[in-house]
Amino acid sequence: MSSSTSSEIVVEAKNLGKAFQLYAHRNDWLKQVLLGWWKAYFKPFWVLRDISLEVKKGESIGILGRNGCGKSTLLQVICGMTLPSHGELRVNGRIAPVLALGSTFDMELSGRENVLIGGAVLGLKRSEVLRKFDSIAEFAGIGEYMDQPVKHYSMGMRTRLAFSICAHVEAEILVVDEALSVGDAAFQRKCLDWIDNFRKTGTLLFVSHSMAEVRRLCTRAIWIEEGRIREQGDPNDVIRSYHRALLVEKDDVQRFSSGNAKQAAAGE
Amino acid sequence: MISSDRPSQRLILEAGRADRQYWRDLWRYRELFFILAWRDVAVRYKQTVIGLAWAFVRPFITMVVFTIVFGKLAKLPTEGAAPYAVLVFAGLLPWTLASSILSDASGSVLTNSQLVSKVYFPRIIIPFATVMVGLVDFCVSLVILAGVMLWYGVVPDWHILMLPLFVALAVLVAIGPALWAAAIVVKYRDFRFVIPFVVQIGLYVSPVGFSAKVVPPEWQLLYSINPMVGVIDGFRWAILGGDSPLYLPGFAVSLLVTAFMLWLGIRTFRRTERGFADLI
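Residue numbers (the UniProt record's numbering), protein chains in the order written: chain A, 1 to 268; chain B, 1 to 280.
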């Protein structure tokens, strides 16, 4: 098989673009449903534009960007959650999305039961989950709470459990989306140590607003702005330019709305 | 760390092209199907006092009411020598199975929105997993049916062996429209109000409380366009045997309608499921 050559690149994106349909008025949506074949009543809202990206096996990519720049959408597309509007994507390997898993828990069920579901969602067999269960429980470190309904968990405990499941699915690609900020310092360190170790064998896609974490874990950083890659390369260089930009371009409250108007105008 | 016994997983996405490996994915996620089915059963009677007993109480009371209203008050004829209560219950079983699958499965993608919006797996697993809940309740009802038949001294003959076939048919009748609705309701939430209405009306236009033979012969074929007619007829044929002969042309029509709706349901679901995460 040609796997020796193709397995080198685990994520390959070509000209990825993602647009949502944006309606100015509530009625426009109904018009689109009834008369969509005649003309479009929505403005395309481009969240991602022309993203081309190659991630090699064993790389650790840090993704930077301000809120709403398209980081999470990019990860969603890579995880196969949502289809790109144009472009092409190849992913080679089992993906474990860390933060995502915590919000899939069923509140009525116990931690133990959610471990079974979480494992299955990530493609593990029941027998595999059962075999690893003690190890998962130990890593999560939530003790007796394992048999309580998840609705009684704190946010931190949910994150602990979610991270612990993801740490045990033997993923080839780990997607960490601002996951660790809710855990306490000791657990954060445990997770970072684990990720550090994971990097020896797997590929990491890491979204964080903590530049120290990105510096420590990543071999390459990608800075995304308004759906495009603005800069990529050595983490130290990218972080420096990103910080400089943050100082100059103050937090603009009109950013989201004016961005929409600009894009709407561009869409016409 | 990475075990070598598991084949590497590949995901190829191209805008506007259907995912060719979908059915292979479905097989790979078969364990998820069983776990979701088990979860649906486990959650169903959580925080209820009498738990699974609800699966006994509801069909039993419905049977008593229907027997009084249709058999005693309206004085509708039964089939052959069968007691009216058995006739009603033989219709109520498949109806409850099909209608609970239709209501559960059609809302299932929305109720599992937290899963759908956060992780990838073939979404069609979700509505199919809800079938198991209906089947568990159905098995409980079977026990009541056995009790009622024992009470009236009705002994089934070899026809009863065909019952599993009609159980499968009841599931198929329901899952087709349910898949269609589960996909549509994600975008058009209006259908959340349509499904309970369809179930409510369906109870009266399907031969649940009465025999399908009440319908005049010249309308029989047309009546069978409602696929539940075929299913319920089949159930009565299997349970009451010679007392309730199967009307074959009508049964064939019901089968055709079922097959068409199943095809339409799967097609609609497959075409829209990739967009679920954007709409939820």
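It is worth saying that the hints were derived from the structure and are not from the lab. Errors might be hidden in some of the hints.
Below, a list of computed lysine-lysine pairs in the DSSO-like style, where the Cα atoms sit at most 30 Å apart [stated by the list, open to error]:
hint, chain 1, residue 1, chain 2, residue 2
1, A, K151, B, K213
2, B, K213, B, K75
3, B, K187, A, K39
4, A, K200, A, K151
5, A, K132, B, K118
6, B, K75, A, K14
7, B, K75, A, K151
8, B, K213, A, K125
9, B, K118, A, K190
10, B, K118, A, K200
11, A, K57, A, K200
12, A, K39, A, K132
13, A, K132, A, K200
14, A, K151, B, K118
15, A, K57, B, K118
16, A, K56, B, K187
17, A, K31, B, K187
18, B, K46, A, K132
Note that the structure is a prediction, hence the values are computed from the model and not measured.
Checked hints:
no.: 1; hint: K151(A) <-> K213(B); result: 52 Å, violated
no.: 2; hint: K213(B) <-> K75(B); result: 14 Å, holds
no.: 3; hint: K187(B) <-> K39(A); result: 20 Å, holds
no.: 4; hint: K200(A) <-> K151(A); result: 36 Å, violated
no.: 5; hint: K132(A) <-> K118(B); result: 23 Å, holds
no.: 6; hint: K75(B) <-> K14(A); result: 72 Å, violated
no.: 7; hint: K75(B) <-> K151(A); result: 52 Å, violated
no.: 8; hint: K213(B) <-> K125(A); result: 50 Å, violated
no.: 9; hint: K118(B) <-> K190(A); result: 24 Å, holds
no.: 10; hint: K118(B) <-> K200(A); result: 27 Å, holds
no.: 11; hint: K57(A) <-> K200(A); result: 10 Å, holds
no.: 12; hint: K39(A) <-> K132(A); result: 55 Å, violated
no.: 13; hint: K132(A) <-> K200(A); result: 21 Å, holds
no.: 14; hint: K151(A) <-> K118(B); result: 19 Å, holds
no.: 15; hint: K57(A) <-> K118(B); result: 24 Å, holds
no.: 16; hint: K56(A) <-> K187(B); result: 37 Å, violated
no.: 17; hint: K31(A) <-> K187(B); result: 14 Å, holds
no.: 18; hint: K46(B) <-> K132(A); result: 27 Å, holds
Checked against the numbered hints given earlier, this structure breaks hints 1, 4, 6, 7, 8, 12 and 16; the rest are met.
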